[in-house]
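Just so you know, the protein sequences line up as chains A and B, in that order.
Residues in the first sequence are numbered consecutively from 1, following the numbering used here.
Residues in the second sequence are numbered consecutively from 1, following the numbering used here.
Possibly wrong hints are sitting among the right ones.
Remember, identical chains collapse to one label, so a pair may be satisfied in a single copy or spanning two.
Quick list of in silico lysine-lysine cross-link-like pairs, DSBU-like style, CA-CA up to 35 Å [what the hints assert, rightly or not]:
#1 K344 with K132
#2 K580 with K344
#3 K344 with K290
#4 K580 with K250
#5 K344 with K293
#6 K580 with K293
#7 K132 with K293
#8 K132 with K290
#9 K132 with K580
#10 K250 with K132
#11 K580 with K290
#12 K250 with K293
#13 K344 with K250
Think of the hints as simulated: they come from the structure by calculation, not from any bench.
In this text the structure is predicted, and so the values were computed from the model without any measurement.
There are 2 protein chains.
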Amino acid sequence: MVGVSRKEFRDLASPEEAREAIASLNLGGGSESVPLAEARGRVLAERIDAGMDVPGFDRASMDGYAVRARDTFGADEADPAVLDLVGAVHAGVEPDVEIAEGECAEISTGAVMPSGADAVVIVERTDERDGKIEMRTAVAPGDSVMLAGADIAAGERALGPGTRITPREIGLLSALGVESVPVRAKPRVGIISTGDELVRPGQSLNSAAGQIFDVNSYTVAAGVEDAGGEAVLYPHAGDDYDEMERLLTKAATECDLVLSSGSTSASAVDVIYRVVEEQGELLLHGVAVKPGKPMLVGRLEESAYIGLPGYPVSALTIFQTFVAPAIRDAAGVQAPAAATARGKMAVRERYGEGRMRLMPVGLVEDGAGDLLVYPVDKGSGATTSLVEADGVVVVHPDTAFLDAGEEVEVDLFSPDVRPPTVFGVGEDDPALSRLLDRIERPRYLSVGSREGLRRLRNGIADVAVTTTGGEPEFDTVELGGWTREWGLVVQAGNPENVAGLADLVDRDLRFINRGTAAGLRTSFTDALATLAEERGQTRHDLVSAISGFDLTVKAHESPARKVADGRADVGLGLRATAEKLDLGFVSLGTEQVRVFANPDRVSKPGVAALETAIEDGDAVFADLPGFETA
Amino acid sequence: MVGVSRKEFRDLASPEEAREAIASLNLGGGSESVPLAEARGRVLAERIDAGMDVPGFDRASMDGYAVRARDTFGADEADPAVLDLVGAVHAGVEPDVEIAEGECAEISTGAVMPSGADAVVIVERTDERDGKIEMRTAVAPGDSVMLAGADIAAGERALGPGTRITPREIGLLSALGVESVPVRAKPRVGIISTGDELVRPGQSLNSAAGQIFDVNSYTVAAGVEDAGGEAVLYPHAGDDYDEMERLLTKAATECDLVLSSGSTSASAVDVIYRVVEEQGELLLHGVAVKPGKPMLVGRLEESAYIGLPGYPVSALTIFQTFVAPAIRDAAGVQAPAAATARGKMAVRERYGEGRMRLMPVGLVEDGAGDLLVYPVDKGSGATTSLVEADGVVVVHPDTAFLDAGEEVEVDLFSPDVRPPTVFGVGEDDPALSRLLDRIERPRYLSVGSREGLRRLRNGIADVAVTTTGGEPEFDTVELGGWTREWGLVVQAGNPENVAGLADLVDRDLRFINRGTAAGLRTSFTDALATLAEERGQTRHDLVSAISGFDLTVKAHESPARKVADGRADVGLGLRATAEKLDLGFVSLGTEQVRVFANPDRVSKPGVAALETAIEDGDAVFADLPGFETA
């Protein structure tokens with residue numbers, strides 16, 4: 001094998017070649033025994049033949065009297081057969097009677113048929129009279145009796161290899177007295193996290209040093225378990241490359257498959273390359289699929305090795321597309337059924353990169369109940385894309401574009417994925433967060449008022465949430481709204497004695513603003529304009545005087561948190577946020593939050609539920625300081 | 001509450017009343033914290049807002065050079081901007097440079113943007129020359145940079161209550177550094193097994209005393225876990241009613257819901273009635289649904305109580321229909337999606353009992369890929385019905401019959417239920433068992449040759465397997481076959497010196513026969529006829545002389561097992577069985593096993609796979625004594 005360097009992704013393998021390379025790996029496939037009580041969801045490793053007859057005895061299947069059928073021949077309501085009662089047999093007890101000609105014994109459902117008897121007359125068709133029993137019907141041999149082995153007999157094939165064990169199979173295994181079940185072993189999948197910047201959730205994070213939490217390890221581990229594998233997380237090696245090599249070798253020894261997800265650190269990737277080449281074989285590097293260029297497939301010691309891309313959505317997409325099927329195969333688990341949906345593209349989307357594209361998409365139902373499909377691609381490693389997408393559309397390399405309205409098939413992330421009941425876009429607002437809690441499966445993207453209106457107009461979103469300044473210029477239905485008090489968030493106790501907007505302009509205070517997408521920013525700019533007018537200045541004059549006017553952050557709490565961290569003196573924000581974070585607050589007014597719906601979507605259950613929740617606003621956000629129902 | 005006795009099922013509640021009674025019970029619904037690594041499949045108990053910005057810093061999203069965007073204005077391939085290289089920033093490391101006018105720093109994807117820089121020029125658009133960096137493109141502020149909080153910002157709504165945690169949600173929770181996840185608590189469901197005759201799998205079984213393995217406890221426990229509950233199995237109290245009362249009370253104290261499955265023992269049911277009435281409240285006894293008549297709903301101490309029917313298929317059907325939805329509600333788990341299928345009734349089926357019927361059905365695809373639905377009702381507590389059915393058709397009380405060809409909706413037992421790839425019926429045969437192991441999802445019912453042919457002709461089954469005497473009188477395609485050596489199975493070492501059929505007729509040997517459905521029985525009867533002819537006797541003369549000719553058992557191994565148990569001297573059977581059980585064997589000949597397919601179904605994948613497996617018979621059953629490919 002020739003040496004490959006990180007940059008040599010010239011000859012990308014086709015997706016089919018990648019599948020073949022992965023299929024050529026051995027991911028385990030052994031078997032193990034588990035107790036019956038733990039067998040649910042596992043897959044039988046071998047055929048189970050009945051080891052005994054079920055039932056193990058001729059069994060009364062009704063309450064009544066055990067008889068010799070020939071003694072009842074000709075009996076009917078008018079002319080019952082009269083038999084001597086010689087005893088009784090109950091379930092779970094060995095019979096202590098034999099039935100001779102002209103005799104019968106009381107018998108309970110489930111009891112052993114006494115010797116001599118070959119049928120049961122059900123109790124409803126009998127009368128007891130003078131210690132004898134009148135049979136008001138004739139029975140044939142075998143009536144109301146389940147013969148030994150009639151359910152399943154010793155030696156019969158009960159369950160085949162590959163059967164997934166559900167409650168029903170557990171029932172049959174119980175009936176056969178199977179205590180220990182031979183099942184397919186779960187492939188052991190070692191997960192190695194690389195990258196100097198990664199920190200495991202629960203550990204402390206140094207953002208200033210560019211540390212981020214390790215997303216892929218737990219995400220991929222959960223994917224491995226969904227696919228029927230056993231995930232083994234190895235400790236994070238950080239920037240200690242000897243340790244990384246040691247962990248890779250250890251994982252390869254202990255597992256059937258080792259997965260790493262691409263590091264952004266070149267040297268970490270080089271270590272993996274070197275170890276795979278020295279102690280195994282690199283079968284494939286780079287696949288002509290977006291996102292899959294950095295994918296690696298090979299062998300490491302006796303184990304299989306696959307390297308996933310680094311960005312979480314890419315890593316999970318490539319995992320689900322290429323790796324999960326191989327793990328399921330090795331585990332004997334069948335692919336989830338019906339995990340696709342057909343819908344129409346909500347927008348036109350261009351391609352033409354010459355690579356197969358696995359495009360993450362979201363789903364939304366339009367007013368007619370038809371499914372719309374829209375691309376979700378925040379790029380740059382956004383982790384929120386993970387939950388904002390519902391599945392993937394496979395776009396072939398020669399597709400130049402998908403047109404709006406074109407029908408596409410979506411591979412859902414799991415069979416139980418359903419479109420949101422309401423899809424909202426717009427302002428970030430704490431009262432809204434609570435309202436959404438009252439709705440089943442809502443989806444909401446905080447994109448600001450203006451962008452929210454744009455997406456509502458596009459026909460993708462069901463509702464847009466706006467604040468001051470966001471007035472729709474197209475047909476909408478207003479669902480309702482509320483007001484919120486906004487102003488300047490300052491240090492606790494207001495040590496700088498900020499009294500209002502003028503202090504921000506006239507004094508040297510460090511300010512943190514919101515971005516132009518935020519409605520709060522519009523309220524702030526409007527207030528500045530008013531002050532400028534009062535002073536006979538331009539708004540630009542005031543803006544230039546504010547230190548940090550251009551320092552914008554994304555969400556409604558973000559400026560306040562910078563104040564709390566001591567990185568600013570004043571932040572634009574809400575009274576509710578200031579009180580939540582125990583900060584001071586200088587009120588500048590109230591602004592109206594309004595919720596507008598696409599008129600075609602008002603009868604969607606989630607939209608109706610949102611309207612109801614807004615009407616019930618007092619109950620939902622009465623304890624949020626500065627919030628009031630409109 | 002007035003006393004109710006076991007017989008008082010006169011006023012059956014409607015299914016809706018049963019659902020309402022169950023809905024009125026409190027099945028838990030609390031919350032608990034679990035580590036992120038164990039959160040997969042759980043349901044969020046409360047909203048998760050972002051507790052931090054992600055990313056926590058302005059982050060380079062490409063490899064390249066961190067610059068002040070304004071320094072690149074106007075740069076292009078022909079006229080690059082030349083900047084001084086003042087340092088490098090790598091992922092996971094705090095920048096030790098600041099970028100002033102005319103300067104740049106090398107930067108890796110994921111690294112913190114150094115102070116002063118506001119954009120990244122990707123490495124592919126740069127050249128290093130004489131220690132300076134040529135930027136061959138202009139960039140705008142923010143290009144190739146992900147701003148702090150751009151993915152999700154502190155205070156933003158990340159995930160709503162009720163969200164099911166899949167790998168994707170685990171990804172977002174990881175990104176937010178959430179170590180411990182607030183999830184809905186699993187309702188604790190106590191399972192009490194009643195009935196003197198029940199023995200737990202793994203314990204020894206006394207069939208003579210009518211003992212059977214406890215099927216419902218493990219089956220229902222698995223159903224509880226599928227529905228998101230935690231199953232707690234209580235020890236079996238047997239016939240000790242004080243102990244049963246103690247266990248019921250204990251379970252009610254420890255669990256949110258106590259389930260018992262109906263005992264066939266009247267006294268056990270009476271104990272349950274009494275305990276529920278004394279220590280709780282009986283809300284409902286008996287539901288107008290078949291099977292559901294014996295269903296009980298009530299409260300026991302602070303817990304909910306539901307009594308299920310005793311027969312396994314009934315218990316599981318009632319559990320899935322009435323109880324599982326309530327457990328899912330309490331656990332916050334959504335109902336499995338798309339767990340229905342539409343198909344056509346394969347046969348006419350009568351009803352008219354005035355009760356709603358939950359009819360277990362099997363599915364099979366016809367040659368055109370259409371789904372046929374046939375009733376599976378072996379009754380009498382058969383446990384094999386559990387795995388021979390794929391779902392349930394709800395038949396309304398006023399339905400007199402379902403006609404053949406009528407379209408029905410099937411509630412599948414689980415969303416991943418799929419019809420078998422091949423549905424076979426006929427002889428029970430050990431070579432066939434092995435052939436079926438080579439096929440994915442086969443279904444096979446051992447009903448004997450004649451019944452097998454009848455069901456093939458009916459258009460339900462795909463293939464029938466017959467032995468001697470089973471010659472189809474309708475259009476079929478023969479897929480192939482094999483031969484098997486049959487004869488008399490005797491004690492090991494043949495202590496009775498059985499030499500052939502004549503010994504059975506002339507001596508006083510205890511014989512065990514197969515039923516008339518078995519092809520083996522036909523071979524045996526034919527051999528007797530030949531002997532009778534040789535002797536100038538009638539076959540009836542010979543039959544009368546055989547002690548046990550009418551003692552018939554179900555499966556191919558059953559007679560041999562009676563011999564092994566010492567309960568017979570001679571059993572009808574196969575050489576393979578005799579050798580498997582280390583018994584003696586007296587050969588009486590070979591018989592042909594033939595496999596016939598419905599001509600419309602030959603191209604079904606499972607039928608084709610069976611044909612291939614038969615052709616490959618040498619590899620499959622070469623080591624089965626007495627078996628040969630035809």
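Hints the structure fails to honour:
The structure conflicts with hints 1, 2, 4, 6, 9, 10, 11, 13, although it agrees with all the remaining ones.
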